[in-house]
Amino acid sequence: MKRFGVIVGVGVLICAAAYSAAYFLGTAPARKMAQEKYPELVWLKKEFNLSDAEFTRIAELHAAYQPCCGEMCGRIAAKNAEIREALAKSNEITPEVERKLAEAAALRTECQKAMLKHFIEVSQSMPAEEGKRYLAWVEDKTFLSMQGESMPGMAAHHDHGDE
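Residue numbers for the sequence shown follow numbering that gives the first Met the number 0, so the first one is 0 and each next one is one higher.
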């Protein structure tokens, strides 16, 4: 009986060691990526075959664009709240609701222009063919795929409806 307990104990230790090794090796790429300065951009470097210098430039563009994006998101969320408030006052489309809808549309257009400008800057920081491929990809994921939806170009970037 003592021998059986030793065999089971050694088996459990071997299984635990094997699991730990598999887990450690399997998560190594993700752990390495998480330690990068901009882990959310690492996929971009791989997908578009970027050099370290190109990646650094794109990371700088990303960091510079973030405050603009955050500010724009806040403005859109505030305007959406104003629209909800105006709609709560009446069950009709009042001149105030119309004005706020037009203001929200203008904000979304401003946001789309800023996003497109950013995407173009990023694409210009890549090798020419990769830049074209990137620009086609982001256009498809943001602007072109959203035709006819309530917020063209925004759903792939952010959902401002409940902010």
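Simulated from the structure, these hints should not be mistaken for laboratory data.
Bear in mind that the values here come from a model prediction, so they are computed numbers and not experimental data.
There could be a bad hint or two in this list.
[Claimed, not checked] With a Cα cut of at most 30 Å, we get these calculated BS3-like pairs of lysine-lysine: (1) Lys78 with Lys44; (2) Lys112 with Lys45; (3) Lys1 with Lys131; (4) Lys116 with Lys88; (5) Lys131 with Lys116; (6) Lys99 with Lys112; (7) Lys116 with Lys78; (8) Lys88 with Lys99; (9) Lys44 with Lys112; (10) Lys45 with Lys131; (11) Lys78 with Lys45; (12) Lys78 with Lys140; (13) Lys1 with Lys112; (14) Lys99 with Lys45.
[Claimed, not checked] With beta-carbon atoms standing in for the labels, derived distance ranges: (15) Asn90 with Ala127: 30 to 36 Å; (16) Ala20 with Pro126: 47 to 53 Å; (17) His61 with Gly10: 24 to 30 Å; (18) Thr55 with Arg132: 18 to 24 Å; (19) Leu86 with Glu109: 20 to 26 Å; (20) Ala80 with Ala127: 23 to 29 Å; (21) Ala21 with Asn48: 45 to 51 Å; (22) Leu86 with His61: 33 to 39 Å; (23) Pro66 with Glu95: 42 to 48 Å; (24) Asn48 with Glu138: 15 to 21 Å; (25) Ala16 with Ser50: 35 to 41 Å; (26) Ala21 with Pro126: 22 to 28 Å.
For every residue, glycine included, the Cβ atom is placed at its ideal position computed from N, Cα and C.
How the hints compare with the structure:
This hinted pair does not check out: Lys78 and Lys44 have alpha carbons roughly 36 Å apart, beyond 30 Å. A distance of roughly 27 Å separates the Cα atoms of Lys112 and Lys45; the hinted pair therefore holds under the 30 Å criterion. A C-alpha spacing of about 69 Å is found between Lys1 and Lys131, which places the hinted pair above 30 Å, so the restraint is violated. Distance hint between Lys116 and Lys88 is unfulfilled; the C-alpha atoms sit about 38 Å from each other, more than 30 Å.
Restraint check for Lys131 and Lys116: the C-alpha separation of about 14 Å stays at or below 30 Å, so the hint holds. Taking the CA atoms of Lys99 and Lys112, the gap is about 20 Å. The hint holds against a cut of 30 Å. With a C-alpha separation of about 23 Å, the suggested pair Lys116 and Lys78 falls inside the 30 Å cut-off, and the hint holds. Between Lys88 and Lys99 the alpha-carbon distance is near 14 Å, which keeps this suggested pair within the 30 Å criterion.
Restraint check for Lys44 and Lys112: the C-alpha separation of about 24 Å stays at or below 30 Å, so the hint holds. Between Lys45 and Lys131 the alpha-carbon distance is near 16 Å, which keeps this suggested pair within the 30 Å criterion. Taking the CA atoms of Lys78 and Lys45, the gap is near 38 Å; set against the 30 Å cutoff, the hint is violated. Pair hint Lys78 plus Lys140 holds up; C-alpha atoms about 24 Å apart against a cutoff of 30 Å.
About 75 Å separates the Cα atoms of Lys1 and Lys112, which puts this hinted pair outside 30 Å; it is violated. Between Lys99 and Lys45 the CA atoms are separated by roughly 43 Å; this puts the pair beyond 30 Å, and the hint is violated. Checked against the hint of 30 to 36 Å, the pair Asn90 and Ala127 fails, with Cβ atoms roughly 55 Å apart. Taken as a hint, the range 47 to 53 Å is violated for the pair Ala20 and Pro126, whose Cβ atoms sit roughly 39 Å apart.
At roughly 49 Å, the beta carbons of His61 and Gly10 sit outside the given window of 24 to 30 Å. In this structure the hint that Thr55 and Arg132 lie 18 to 24 Å apart at CB holds, the actual value being about 20 Å. Checked against the hint of 20 to 26 Å, the pair Leu86 and Glu109 passes, with Cβ atoms roughly 23 Å apart. One distance hint, 23 to 29 Å for the beta-carbon pair Ala80 and Ala127, is violated here, with the actual separation near 43 Å.
Taking the beta carbon of each, Ala21 and Asn48 are about 30 Å apart, not inside 45 to 51 Å as hinted. Here the CB-CB span from Leu86 to His61 is close to 36 Å, well matched to the stated 33 to 39 Å. The beta-carbon spacing between Pro66 and Glu95, approximately 31 Å, falls outside the hinted interval of 42 to 48 Å. Judged by the Cβ atoms, the range 15 to 21 Å given for Asn48 and Glu138 holds: they are separated by roughly 20 Å.
Taken as a hint, the range 35 to 41 Å holds for the pair Ala16 and Ser50, whose Cβ atoms sit roughly 40 Å apart. Distance hint check for Ala21 and Pro126: the Cβ-Cβ separation is about 37 Å, which falls outside the suggested range of 22 to 28 Å.
Consistency with the previously given hints fails for numbers 1, 3, 4, 11, 13, 14, 15, 16, 17, 20, 21, 23 and 26, ordered from lowest to highest.
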